[in-house]
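Asks: Spelled out from the first residue to the last, the chains are:
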Amino acid sequence: DAGITQSPRHKVTETGTPVTLRCHQTENHRYMYWYRQDPGHGLRLIHYSYGVKDTDKGEVSDGYSVSRSKTEDFLLTLESATSSQTSVYFCAISETELAAYNEQFFGPGTRLTVL
Amino acid sequence: GQSLEQPSEVTAVEGAIVQINCTYQTSGFYGLSWYQQHDGGAPTFLSYNALDGLEETGRFSSFLSRSDSYGYLLLQELQMKDSASYFCAVRAPDTGRRALTFGSGTRLQVQP
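Chains as they are written, first to last, in the working numbering: chain S, 1 to 115; chain X, 1001 to 1112.
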């Protein structure tokens, strides 16, 4: 299994508070991604990174920011959490932009509840 | 933009064969992938098709027709452990994003 961890695994917070989720990889993969998963919507891309300090927006980036200061860590921040951001968040990594089999490896997920 | 359509649910019995379809709309195309996700778990990669035809990996096969913008995942000799959600995904360059776009997923229930 690819070495990807996410922390925390579960979090309950209140509307308006800042929240940071961490993704850590030990595979030295260049590309890292944050997705959110909600019933009926599959996995939707929030932000991704194609190198240290290189990030770009996904389809649902409003209300989220990211940072990547080291190859192994990709942080997702909700500056002021809202109830609509209650979701399961998955981090993923891939070795190359067009990996041999288009394969991404996913972390275990973080279940975030915003009250 | 990109869009993918797949059935929301499929039910089949143990030992049977089931096909999960996926149609996509993209401008540009780099291939169709399939992922499996058990309840409470993370998605895991199953297969990838870049060219037309059938790719077989054990009990699972995946098919692609680029001219029809269509693919399917075929699961044979169904087992109870195959009960999961299955997602098709494309990596297409028109958005400029170097990432996958996923369908909404098909929940497969295997009954004894």
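FYI, nobody ran anything at the bench for these hints, they're computed from the structure.
None of the values given here were measured: they were computed from a predicted structure.
Note that CB positions come from ideal geometry on N, CA and C, so glycine has one too.
Careful: at least some of the hints might be erroneous.
Unchecked claim - Restraint ranges, calculated between C-beta atoms of paired labels, are given here:
{"#": "1", "chain 1": "X", "residue 1": "V1013", "chain 2": "S", "residue 2": "P108", "range": "27 to 35 Å"}
{"#": "2", "chain 1": "S", "residue 1": "H41", "chain 2": "X", "residue 2": "S1069", "range": "39 to 47 Å"}
{"#": "3", "chain 1": "X", "residue 1": "H1038", "chain 2": "S", "residue 2": "H41", "range": "31 to 39 Å"}
{"#": "4", "chain 1": "S", "residue 1": "E59", "chain 2": "X", "residue 2": "G1015", "range": "35 to 43 Å"}
{"#": "5", "chain 1": "S", "residue 1": "P8", "chain 2": "X", "residue 2": "T1011", "range": "33 to 41 Å"}
As the list claims (entries may be wrong) - In silico negatives: residues of chain S with every beta carbon more than 12 Å from chain X:
{"#": "6", "residue": "S7"}
{"#": "7", "residue": "K11"}
{"#": "8", "residue": "T20"}
{"#": "9", "residue": "H41"}
{"#": "10", "residue": "H47"}
{"#": "11", "residue": "S65"}
{"#": "12", "residue": "S69"}
{"#": "13", "residue": "T77"}
{"#": "14", "residue": "L78"}
{"#": "15", "residue": "S84"}
{"#": "16", "residue": "A92"}
{"#": "17", "residue": "V114"}
What the hints assert, rightly or not - Some chain S residues near chain X, calculated using beta-carbon distances under 10 Å:
{"#": "18", "residue": "Y33"}
{"#": "19", "residue": "Q37"}
{"#": "20", "residue": "L45"}
{"#": "21", "residue": "G63"}
{"#": "22", "residue": "R68"}
{"#": "23", "residue": "E72"}
{"#": "24", "residue": "F90"}
{"#": "25", "residue": "P108"}
Asks: Please go over all the hints and tell whether each is borne out by the structure.
Replies: Results of checking the hints against the structure:
{"no.": "1", "hint": "V1013/X with P108/S: 27 to 35 Å", "in the structure": "holds (31 Å)"}
{"no.": "2", "hint": "H41/S with S1069/X: 39 to 47 Å", "in the structure": "violated (21 Å)"}
{"no.": "3", "hint": "H1038/X with H41/S: 31 to 39 Å", "in the structure": "violated (18 Å)"}
{"no.": "4", "hint": "E59/S with G1015/X: 35 to 43 Å", "in the structure": "holds (39 Å)"}
{"no.": "5", "hint": "P8/S with T1011/X: 33 to 41 Å", "in the structure": "holds (36 Å)"}
{"no.": "6", "hint": "S7", "in the structure": "holds (15 Å)"}
{"no.": "7", "hint": "K11", "in the structure": "holds (16 Å)"}
{"no.": "8", "hint": "T20", "in the structure": "holds (20 Å)"}
{"no.": "9", "hint": "H41", "in the structure": "violated (6 Å)"}
{"no.": "10", "hint": "H47", "in the structure": "violated (9 Å)"}
{"no.": "11", "hint": "S65", "in the structure": "holds (17 Å)"}
{"no.": "12", "hint": "S69", "in the structure": "holds (20 Å)"}
{"no.": "13", "hint": "T77", "in the structure": "holds (19 Å)"}
{"no.": "14", "hint": "L78", "in the structure": "holds (20 Å)"}
{"no.": "15", "hint": "S84", "in the structure": "holds (18 Å)"}
{"no.": "16", "hint": "A92", "in the structure": "violated (8 Å)"}
{"no.": "17", "hint": "V114", "in the structure": "holds (20 Å)"}
{"no.": "18", "hint": "Y33", "in the structure": "holds (6 Å)"}
{"no.": "19", "hint": "Q37", "in the structure": "holds (9 Å)"}
{"no.": "20", "hint": "L45", "in the structure": "holds (5 Å)"}
{"no.": "21", "hint": "G63", "in the structure": "violated (18 Å)"}
{"no.": "22", "hint": "R68", "in the structure": "violated (14 Å)"}
{"no.": "23", "hint": "E72", "in the structure": "violated (18 Å)"}
{"no.": "24", "hint": "F90", "in the structure": "holds (6 Å)"}
{"no.": "25", "hint": "P108", "in the structure": "holds (6 Å)"}
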